[in-house]
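Chemist: Protein chains in written order, with full-length UniProt numbering: chain A, 1 to 529; chain B, 1 to 319; chain C, 1 to 291.
Worth flagging that the hints you see were computed from the coordinates, not collected in a lab.
Quick reminder that beta carbons are idealized off the backbone N, C-alpha and C, glycines included.
Careful: at least some of the hints might be erroneous.
[Claimed, not checked] So, partial list: chain B residues that the calculated Cβ filter (under 7 Å) puts toward chain A:
id, residue
1, ILE5
2, TYR81
3, ALA106
4, SER145
5, ALA147
6, GLN161
7, ARG163
[To be verified] Restricting the straight-line Cα-Cα distance to at most 20 Å, the calculated cross-link-like pairs of lysine to any residue (SDA-like) are:
id, chain 1, residue 1, chain 2, residue 2
8, A, LYS31, B, PRO176
9, A, LYS341, A, GLU353
10, A, LYS226, B, PRO176
11, A, LYS267, A, THR32
12, A, LYS184, B, LEU59
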Amino acid sequence: MRLRTLRSALVLTTTLLAPMLALPALAETGKTISGGFDVGPGGFPGNFNPLAATAGLTWLSVYYEPLVIYNADLTAIVGDLAQSFEISADQKTYSFKLTSETWHDGEAFTAADVKFTLEAAKNGDTGSVFAARLGAIESIATPDDRTVVLTLSAPNAGLLDTLTKIMMLPEHALGKVPPADLAKSTWWSTTPVGTGAFKFSQYVTDQYVEVVADEDYRGGRPAVDKLINRYFENSAAAVAALRAGEIQFTYVEADDVATFSGNDQFKVIEGPSFVVNYVGFNQEVPFWKDLKVRQAVMYAIDRKAIIETLYNGAATEANCGYVAAQFVPAGIEPYAYDPEKAKALLAEAGWAEINGDKPITILTYYNNPLSTNVLAAIQAMLAQVGINIVPRAVDSPTYNATVLAAEPNFADFPLIYAGLQDGPEPSNINVGLNESMIPPAGTNALRIRMPEVSAAFDAALGETDASKRDARYQTVCQTMNANLPWATMWVANRYGVASTSLEHFVWTPAPGGGPFDADPEKWDLGNAQ
Amino acid sequence: MLTFILRRLALGLLMLIALSVLVFVLLRLAPGDPIDAYIDPNVSMSRAEMAAIRARLGLDQPMPVQYFAWLGAAATGDLGYSIQRSGVRVLELVFERIGPTLLLMATGLVLSIVLGIATGIIGAVRRNSTTDVGLSVAAFVGISSPAFLTALLGLYFFSVQFRIAPSGGMLTPGAPFSVGDLLAHLILPAALLSIGQAALIMRYMRASMLEVLNQDYVRTARAKGVREFFVIVKHALRNALLPVITLIGSTIGMAIGGAIFIESVFNWPGMGLLMVNAVETRDYPVIMGATLVIGACVILVNLLTDITYAAVDPRIQVA
Amino acid sequence: MVAIALPRSNGPLARSLSRFLSNGAAVAGLMILLPVLIAVLTYDLWWPYAPNDIDLRALNKGPSATHWFGTDGVGRDVLARLLQGGRISLLVAGVSVAISLVIGFLVGALAAFGGRITDGSTMRLVDLCMTLPPVILLLVLASIAGTGIVPTIFVISLLSWPVLSRMVRARLLELRERDFVVAARGMGANLWHLLFRHGLPNCIDILVVYATLQIANAILLEAGLSFLGLGIPPPEASWGNMLNAARSTVVLEQYVWQWMFPGAALVLAVLAINFIGDGLRDAFDPRSDLN
Numbered sequence: 001m002r003l004r005t006l007r008s009a010l011v012l013t014t015t016l017l018a019p020m021l022a023l024p025a026l027a028e029t030g031k032t033i034s035g036g037f038d039v040g041p042g043g044f045p046g047n048f049n050p051l052a053a054t055a056g057l058t059w060l061s062v063y064y065e066p067l068v069i070y071n072a073d074l075t076a077i078v079g080d081l082a083q084s085f086e087i088s089a090d091q092k093t094y095s096f097k098l099t100s101e102t103w104h105d106g107e108a109f110t111a112a113d114v115k116f117t118l119e120a121a122k123n124g125d126t127g128s129v130f131a132a133r134l135g136a137i138e139s140i141a142t143p144d145d146r147t148v149v150l151t152l153s154a155p156n157a158g159l160l161d162t163l164t165k166i167m168m169l170p171e172h173a174l175g176k177v178p179p180a181d182l183a184k185s186t187w188w189s190t191t192p193v194g195t196g197a198f199k200f201s202q203y204v205t206d207q208y209v210e211v212v213a214d215e216d217y218r219g220g221r222p223a224v225d226k227l228i229n230r231y232f233e234n235s236a237a238a239v240a241a242l243r244a245g246e247i248q249f250t251y252v253e254a255d256d257v258a259t260f261s262g263n264d265q266f267k268v269i270e271g272p273s274f275v276v277n278y279v280g281f282n283q284e285v286p287f288w289k290d291l292k293v294r295q296a297v298m299y300a301i302d303r304k305a306i307i308e309t310l311y312n313g314a315a316t317e318a319n320c321g322y323v324a325a326q327f328v329p330a331g332i333e334p335y336a337y338d339p340e341k342a343k344a345l346l347a348e349a350g351w352a353e354i355n356g357d358k359p360i361t362i363l364t365y366y367n368n369p370l371s372t373n374v375l376a377a378i379q380a381m382l383a384q385v386g387i388n389i390v391p392r393a394v395d396s397p398t399y400n401a402t403v404l405a406a407e408p409n410f411a412d413f414p415l416i417y418a419g420l421q422d423g424p425e426p427s428n429i430n431v432g433l434n435e436s437m438i439p440p441a442g443t444n445a446l447r448i449r450m451p452e453v454s455a456a457f458d459a460a461l462g463e464t465d466a467s468k469r470d471a472r473y474q475t476v477c478q479t480m481n482a483n484l485p486w487a488t489m490w491v492a493n494r495y496g497v498a499s500t501s502l503e504h505f506v507w508t509p510a511p512g513g514g515p516f517d518a519d520p521e522k523w524d525l526g527n528a529q
Numbered sequence: 001m002l003t004f005i006l007r008r009l010a011l012g013l014l015m016l017i018a019l020s021v022l023v024f025v026l027l028r029l030a031p032g033d034p035i036d037a038y039i040d041p042n043v044s045m046s047r048a049e050m051a052a053i054r055a056r057l058g059l060d061q062p063m064p065v066q067y068f069a070w071l072g073a074a075a076t077g078d079l080g081y082s083i084q085r086s087g088v089r090v091l092e093l094v095f096e097r098i099g100p101t102l103l104l105m106a107t108g109l110v111l112s113i114v115l116g117i118a119t120g121i122i123g124a125v126r127r128n129s130t131t132d133v134g135l136s137v138a139a140f141v142g143i144s145s146p147a148f149l150t151a152l153l154g155l156y157f158f159s160v161q162f163r164i165a166p167s168g169g170m171l172t173p174g175a176p177f178s179v180g181d182l183l184a185h186l187i188l189p190a191a192l193l194s195i196g197q198a199a200l201i202m203r204y205m206r207a208s209m210l211e212v213l214n215q216d217y218v219r220t221a222r223a224k225g226v227r228e229f230f231v232i233v234k235h236a237l238r239n240a241l242l243p244v245i246t247l248i249g250s251t252i253g254m255a256i257g258g259a260i261f262i263e264s265v266f267n268w269p270g271m272g273l274l275m276v277n278a279v280e281t282r283d284y285p286v287i288m289g290a291t292l293v294i295g296a297c298v299i300l301v302n303l304l305t306d307i308t309y310a311a312v313d314p315r316i317q318v319a
Numbered sequence: 001m002v003a004i005a006l007p008r009s010n011g012p013l014a015r016s017l018s019r020f021l022s023n024g025a026a027v028a029g030l031m032i033l034l035p036v037l038i039a040v041l042t043y044d045l046w047w048p049y050a051p052n053d054i055d056l057r058a059l060n061k062g063p064s065a066t067h068w069f070g071t072d073g074v075g076r077d078v079l080a081r082l083l084q085g086g087r088i089s090l091l092v093a094g095v096s097v098a099i100s101l102v103i104g105f106l107v108g109a110l111a112a113f114g115g116r117i118t119d120g121s122t123m124r125l126v127d128l129c130m131t132l133p134p135v136i137l138l139l140v141l142a143s144i145a146g147t148g149i150v151p152t153i154f155v156i157s158l159l160s161w162p163v164l165s166r167m168v169r170a171r172l173l174e175l176r177e178r179d180f181v182v183a184a185r186g187m188g189a190n191l192w193h194l195l196f197r198h199g200l201p202n203c204i205d206i207l208v209v210y211a212t213l214q215i216a217n218a219i220l221l222e223a224g225l226s227f228l229g230l231g232i233p234p235p236e237a238s239w240g241n242m243l244n245a246a247r248s249t250v251v252l253e254q255y256v257w258q259w260m261f262p263g264a265a266l267v268l269a270v271l272a273i274n275f276i277g278d279g280l281r282d283a284f285d286p287r288s289d290l291n
C-alpha cells in the first residue's frame, strides 16, 4: 500500500523530468526578436515612464519617440518626430517642424502633444527627472498643428541633448491626469500609446515586455511581428540565454566577450562607453591639496599595462576628461608610467610626514569583476610608491548617500573610483568639476575648487558660436590635465553581442541608455540560426 | 481551544506590528534611500532635484509620521505603490510573486521528500552496505555544497552546454501558456533546490528508520514470519515518518520567503528575487509589504502546526 | 557538580571520546580538517606568493609548477588566495559562532532561570527573530552594516543564535526542577551562579555539537553573502568571493581553476566539519551505545 504510493510518486517524478529531455517547442507566433535590451548599465528594467527614465531609453524608443535624436554613431543630433528644426543665431529660439504621424490608437500626433509633454517634463510634480534641465525654457508656442517654438531665457548648450531623451506623450490619453498622479498611473505599464515602430502589447511583471509591429508606421511596417525585451537578474544570466539561443541580443560585460569571439554564430558590437573613469581626490582631505601628490598618483599607475592586459586593449587612455580627438589639444602631459618620478614627487611633497603608509579608503560603486581587478591592480601599483589605498565597493544607493549627503563625512571617501559621462555632449562633466557645482547645486562632491578649471568650463558653456566650442573644450581639457582635479584613467569600451541571424540590427552602447536612431522597423530575423 | 486560538491570533498581530516596526527602523538605518538608488552615479542630478522627488514621496517627513502613515494605510489593506516600478501596487506585486515561489518550493519539496525518504529507507535497510555508505556520503556532500554553486553549474551544463533546459525564467516569453512549457522551466531549479533538502530528509529518515527497526514490535512481526518487505512498509515506515514530518513542517513556513540563490541564478520570478531587487533599490514599500505578507504566513503556519499538535497529541495542554 | 563525574576513568566524557574515536566518518573528518587548518594557518611560511601580489604578465594562467593552482584575472596566485581565503572564511565562521554561542546560551539560560515574565518576553523576542524572513534580515543587515569582515561576522552571528537559545532553554527548563538546582536556589544562589555552575556544564554537549555544525553553516553563509556581494569585499580573499568569479561565463568555462579549487576546498572543509559534528552528536548521545 505504502510502497505503491511511493512507486507512483516515482513514476510521477519521471514524467515530470521527461520534458527536460526535449527542447521546449517554440510556439509559431510570427517573426519574433527577443533580447536583453535592459541589461547592463544603460538599462532600466521595470521603468515604463519616460519622464522618470535616467536610463533605458534605447528600449523605450522602440515604442515612443523624441522630437530629435542622436544618429547611430552618436556624432550628430537629427530630427525624429521633428521633421526639421532651426536654432536662432542668439541660441534662444528653437523651432521644430513636426512630421505627420498617428499615435498607436489612431489619433493624430500634433503640436499640442509636444506642448503637453514638454510642460509635464518641466514640472517636477510629475516626477520628471528633466525638470531642472528644462528650466531655461520660458515659453512653448504652437503657431499651428505642425509647428512648435521654444523660447529660452538664456542660451543652453545642452538643450538639444536633453530633448533627445524626452519621449513624446499623447495629450489625449494623459492630459486629464493630475500632474502629481502621473507617476503612479498604471497607464505606463498597461496601455501606453506612443508613435514608434512598435506598439506596446503586454508586460509580464519582472519577466518581459512584448511589443508588436505598428502596421501604419511612417517608416514602413516593421519587418518582424514582435519584439520581446526579457529581464535578467544579471548579465551572466543574459549571456546564458543568448548562448542557449533563447534571445538574439544582449549587452555583455567586457570579460564575457572572449566567450563569443571567434564564434560565427555571434557578432560582437563594440563602442566607446562615453564614460570617463577617474580616481577622484577629495579636496576636503588636506593631503590631496598638493599638486605634486596628485601628479605622483598619475605617474604611479601604469594605465597602459592595465588597458592592455585587463581591458584587452579595449579602452583609451584619458589625460583629461575627454578622449574625443576634437576636445584634446596637442602637447598635454601624457603622464607615462614612471614610478621613480612618482616617488621623487612624493618625497618633495613630504608624503612620509603628511600621510605615509596610513590606509586611504577608495570608495567605488563599481562591483563588476573587471573593476575589482582594476582596483586591485591600482592598489598594488600605488603601494609600490608608498601610497596605501584600500578599495571599498558599495552599491549605488550607499555610494550616492555617502557622497551626496547633506553633511558628508569626508573621511568616508578620501578617494573615489568613479565615472562620469563625458560625451557625446562635452558639457556633461561640468557638474562634477566646476566650483559652482559644489552640492547642493551640482554633484561636485569632491569639493574641487580650481579657479582655472571652473573658468574654462564657464567660458565653454557660455560660448554661443558653435565653431569656437571645440577650442573652448580643448582649454577645459588642458586645465584639467595641468591641475589634475581627477587622476583621469581611461574611457573603456562596452559591448553588445547579437546573433548573426539578426539583420539590419543597429545598437550602440550609448551612455545613459540612449536613445539613438536605431530604425527598429528594419530589424529582421534571417534564417541562419 | 477557541480562547487559545484567539489569544495566539492576537499575539500574532502584535508580532506583525513589532516586525513592521523593526523592518521599518532597519530600513531607515541602511545607507541610501530610494532616490539614491534611482540615480546612476555616472549621470548627474542636482540635490535640489532629488529633494523635490523625496518630498513628493513623503520621504522628508519625520520617521514616526512616515511609519504611522504606512501603518494606517496597511490596516485598510493598502500597502502602497512600488517606487521603482511605475504605478504597480505592492499588494498585487507580492501576490503575483507568491504563486511562483510556492510552485518552485512545493515542487522542490515533493522531489526532495520522494528522493529523501526512498534513499533513507534504502540506507537504513541495507545498513553499512556500499549503497548505504555511498548514499550517506552523497547526502553529506549535498548538505556541504553551497546552493549558488550547484545552481550555477546546473544552469551552465543543462542549458548552455547540453541545451536540454531553458536558461531561466518561468515561461517562454511571448508564447501562449502551456503546462509543458512551465514544467520545462520548473524542473531544473526545483531539482537543484531539492538537493540539500533531500540530503537532510534522507539522514533523518535513515536514523529514525534504524531506530524503529530495533523496536520490539518490529522484532515481533519478524518473529511471526512476516516478510521483510511488509515489515518495513507496514510496520516500520509509518512510525519512522513522524519525526521526518515534523522536520518538513518546520521548513514550510520559511519556504514562503523564497530560495534566494536559486531564484537569482534562474531568474525565477519569486519572493526571493523580489526581495533582493527591492533591497538593492531600497524600494521601501515593497520591502515592508513583502515582509508583512511573509511574516503573516509564517505566523499562521506556526499557529496551524501548534493547533494540529494540540489536536493530535492529548499530552499537550492548551489554555 | 560535573566535577564528580570527571575523575572516574570511564566517566561520560571519556566514554563520549571513545565513541567519537570509533566513528570512522568523524575521524576521517578530523584527518581532512587538520591538514587544511595547518596549511591555512602556516602558508605564509612556506608558500612564496602573497595573496594580493599582482602580476599583469601572468593573467589567467592555468596550474603549473610555479603556480600550482594557476593565477586569477590580475595574475594573483590562486593557491595563496585560497589559503588566505580559508583563513578569512574560517575566522569569520569561528568568531561568529562563538558570538552566537554566547548570545544563544545567555538568552536561553535567562529564559529558563529568570522566571515567568522574563521567559515569556525573551521567548517572544526569539519568535520575532525567527519570524523575520532570513533573506530580508540578511540583506538589510548586510546593507546597514556594510561589507567587510566585522559586519559579516555580525550578520552571521545575529542570524544563528535563536535556534540555540531554544535548545538551551528546553534543556534547562528540565533541569530547573531537579533537586540540586532547587536546593541551590533554596540556599540563595544568585542567577550568575545558577547559569555558570549548573546551567553551563549541563548544556556543554548541546553547545559543542551546535558549534561544530554551525561553523559548517557559517562557512556556507559567508560564501553565500560574498556571492551576493554583501560579504567579504575584494581584494581581500575569501572562499565565497573567490567563487563569485564563477558568475562570469568565461571564468566558469575557461578558467576552471579559479573557482574549482576554492569550491573544492570549501566543500571539503564543510564536509569534514559536518562529519565531526555528527560524530560529536552521536558521541554525546547516551542512547547511541544501544545501536
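Chemist: All hints, please: hold or fail.
Modeler: Now the hints, each set against the structure:
{"no.": "1", "hint": "ILE5", "in the structure": "violated (32 Å)"}
{"no.": "2", "hint": "TYR81", "in the structure": "holds (6 Å)"}
{"no.": "3", "hint": "ALA106", "in the structure": "violated (12 Å)"}
{"no.": "4", "hint": "SER145", "in the structure": "violated (19 Å)"}
{"no.": "5", "hint": "ALA147", "in the structure": "violated (15 Å)"}
{"no.": "6", "hint": "GLN161", "in the structure": "violated (9 Å)"}
{"no.": "7", "hint": "ARG163", "in the structure": "holds (6 Å)"}
{"no.": "8", "hint": "A:LYS31 to B:PRO176", "in the structure": "holds (15 Å)"}
{"no.": "9", "hint": "A:LYS341 to A:GLU353", "in the structure": "holds (19 Å)"}
{"no.": "10", "hint": "A:LYS226 to B:PRO176", "in the structure": "holds (14 Å)"}
{"no.": "11", "hint": "A:LYS267 to A:THR32", "in the structure": "holds (19 Å)"}
{"no.": "12", "hint": "A:LYS184 to B:LEU59", "in the structure": "holds (16 Å)"}
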